[in-house]
Amino acid sequence: MAGEKKGLQLLDFWVSPFGQRCRIALAEKGLPYEYLEQDLRNKSELLLRANPVHKKVPVLLHDGRPVCESLIILHYLDEAFPDKPALLPSDPYARAQARFWADYVDKKVYDCGSRLWRLKGEPQAQARQEMLEILRTLEGELGDKKYFSGEAFGFVDVAFVPFTAWFLSYERFGEFSVEEVCPRLAAWAKRCGERESVAKSLHPPEKVYEFIAMLKKTYGIE
Amino acid sequence: MSQQVPPPPAVKLVTAFGSPFAHRVEVALTLKGVPYELVTEDLANKSEMLLTHNPVHKTVPVLLHGDRPAVCESLVIVEYVDEAFDGPRLLPADPYGRATARFWAHFIDNKCLKPLWLSMWTHGEAQERFARETKESLAILEAQLEGRSFFGGDALGFVDVAACTLAHWLDVLEEVTGVRLVTDGEYPALRRWAKEYTSHQAVKRFLPDRDQLVAFFAAGKERFTSMVKAAVQQ
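Chains as they are written, first to last, in numbering that gives the first Met the number 0: chain A, 0 to 221; chain B, 0 to 233.
Don't take every hint at face value.
Said to hold, decoys possible - Not close to chain B: a few residues of chain A, all C-beta gaps over 10 Å, as computed:
hint, residue
1, 4
2, 17
3, 34
4, 189
5, 190
6, 203
7, 214
8, 219
9, 220
Unchecked claim - Chain B is nowhere near these chain A residues, computed Cβ spacing over 10 Å in every case:
hint, residue
10, 7
11, 29
12, 43
13, 79
14, 91
15, 95
16, 120
17, 127
18, 128
19, 144
20, 149
21, 195
22, 206
23, 209
24, 217
Stated by the list, open to error - Dumping the calculated BS3-like pairs for lysine-lysine here, alpha-carbon to alpha-carbon at most 30 Å:
hint, chain 1, residue 1, chain 2, residue 2
25, B, 45, A, 119
26, A, 55, B, 110
27, A, 4, A, 199
28, B, 110, A, 42
29, A, 119, A, 83
30, B, 31, A, 106
31, B, 31, B, 110
32, B, 11, B, 134
33, B, 45, B, 11
34, B, 194, A, 107
35, B, 110, A, 54
36, B, 134, A, 55
37, A, 106, A, 42
38, A, 106, B, 110
39, A, 216, A, 42
40, B, 228, B, 57
Derived from the structure by calculation, the hints contain no laboratory data. Using N, Cα and C, we set each Cβ at its ideal position, and we do this for glycine too.
One chain only, chain B, in its complex shape (with noise of 0.2 Å):
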């Protein structure tokens, strides 16, 4: 007697606990309605398959679509699948509102996420100077967003999953660091925002337990301080 087994997804998304970069991914294909297969890495501790991967970055997400080699970068992971599958548009459909959506996509990437990373594991003048540099970002987004809901508009969209860090990861990072950038009353639109993000339904079951990363970080401070330490001193 067999069982029909039914056939694997067609698609496998490599993920790291904490990763907001996969998160953005999980949420992409959610949003798309494309089924998927979990394989969770430990960066620790990188496994043959992942360098096999990402050769040239050595991270996570990767994507693998059925006998396809990988894609990488979570944002042209994101924009393969808008284009891969069918389902509800992750960027607009005309050229210019793509382009606005690549362009705040970059800015939340580059000019946000980059230096609220490196100030929150340096110290003095170093730190606070990235410190300065994320809130002058963070008070650019709050601009943008102004009485919507999403940066998308009304629904959520492409610059909502790249700024997924904001919604979720960065008051875990100011507690296990210590470090506040954000003090109360602070850009109550991009507060707004994070709760819209973090309750909207293709969300909520990929955000990481709040316990759990909080452990996760902690638990990665050294780690985290001499790998800054290192790309700083470039």
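Next up, chain A with everything else stripped away, as it sits in the complex (with noise of 0.2 Å):
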């Protein structure tokens, strides 16, 4: 066992958006749990115990047994506690569909965002053109619902919600706007930001820009 306490504790990092995903999902369930942030320059014994393969946040550790990577947790979640609303559909193609889609998200939106503030002329524009066109296939599978999941608050909504909060910083440094070049995307952006577990999770954009611009100066980029 990794920890010894009974119940649910998260080890996470306050601006990690994978994190995020992990408080909101806890959130919305109304799961109760210790909330642990963590120093990731200088890494603790139980993070090191928790997560020996990856090193990373955000953990979840359920009666000391630990689950990483955040959409595992979230899978583990729904699946541990039946009887809390569930984050993923029923159906089996719904959920493959689901499935697919926070998996784009996990491929694509993090890393090319890092790429639009790491890098300068050429790979940046081209950085640009590809959140571009990731924004634009997330507004299309997004289409005219609610949610992605539909009515209801779902499982690829709590995946990508995070990363609205780095939308600002992605403005800034891609010089574009969302609410020009993905309309629906920054209404979805709008209405999941007044959901209780969504804006008791998420930072202002300001504060996540600060962090872009502290970590740019740690790693001596312009």
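Relying on the hints, combine the two individually framed chains into one complex.
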């Protein structure tokens, strides 16, 4: 066992969109948990024992047993607490579609966003083009629906919504406006932001921008 | 006079020769006892059908089940097959076991197969870096196996299917490129597992012929090298 405590604990880092997915899921399900902020530059014994393979957050501890990787944590919460509202639909085909789109967010958004603020010149312009394509693709998938899952806030919404706090930063580095390029996505972001679970878990976009500025300084990027 | 023609299988799998990802789905369908029709793509010359069914990633495997739009991404498809059809479980029943299986499948995809592929088609410092990362991951998988026949325990399961590339494709790639990741005597548990996996009755028939596979990768050297170069430059 990695930890000793009973119940749920979340090893996390304040600005991590992956950690925020878990915070939002726990709040949506009304599951109490202990939040344990981690220092990623000086990793704790607990984190290294709980996630020896990746040494990353988020990690969910359930009665001391670790579950790693945010989307896996979301699945686990659905399956271990079946009496709580589920994030994934019950139909296998709808579940497959939800997994596909959450996987798409995982494969594309964070990496492309990082290239947007890390790089300059032609590679940055390429990242900008890619980000626009990613956002347009997601906007296409959302369509006219209230949420990605339909009427109810669900798996793909939870997977993507933390990145809405990064929109401002993408806009500034990429010189575009999400509202202009993807109005439905912008409206969806606002709608999600009105949910208590999201409002309580996300940090203000300006704070995310400051965090990136700090990272750039640390890595000596102009 | 009319002949009774049996209805075509409800499930169609779009595949391409040599794809370990499509192989994962074939094994999953077979373990569940699901009849299916195979449609083979040439990924160097993609059909309208493929691009329509998988506009996002434009690749195989793609699963078509009845009238429903496509299911894409091999591990998503395997989970779908597990949930949509009766038959032996590919993922365990208990939530923690499922989380563990998903973790290792994900690890194999991201930390093993990705750098493995990159190490085969790059050179110099980049190649060394990818090779090192792959070997570190293989060592972790080796430790995970310790004493068991399969990653899933006694029976072949989700993680074993996810790891198929390591059982049949790895030494083919090593032969074609000359990049040796596994030296003599290394990773004994993994090599034992590879033998178990490739001789399993649900797997054997879906392993592409080794000589054909060697020819396939040898013919694609230039193409794979330039694709990897573009990806690594980002």
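Violated hints, by number in ascending order, as checked against the structure:
13, 14, 15, 25, 29, 32, 34
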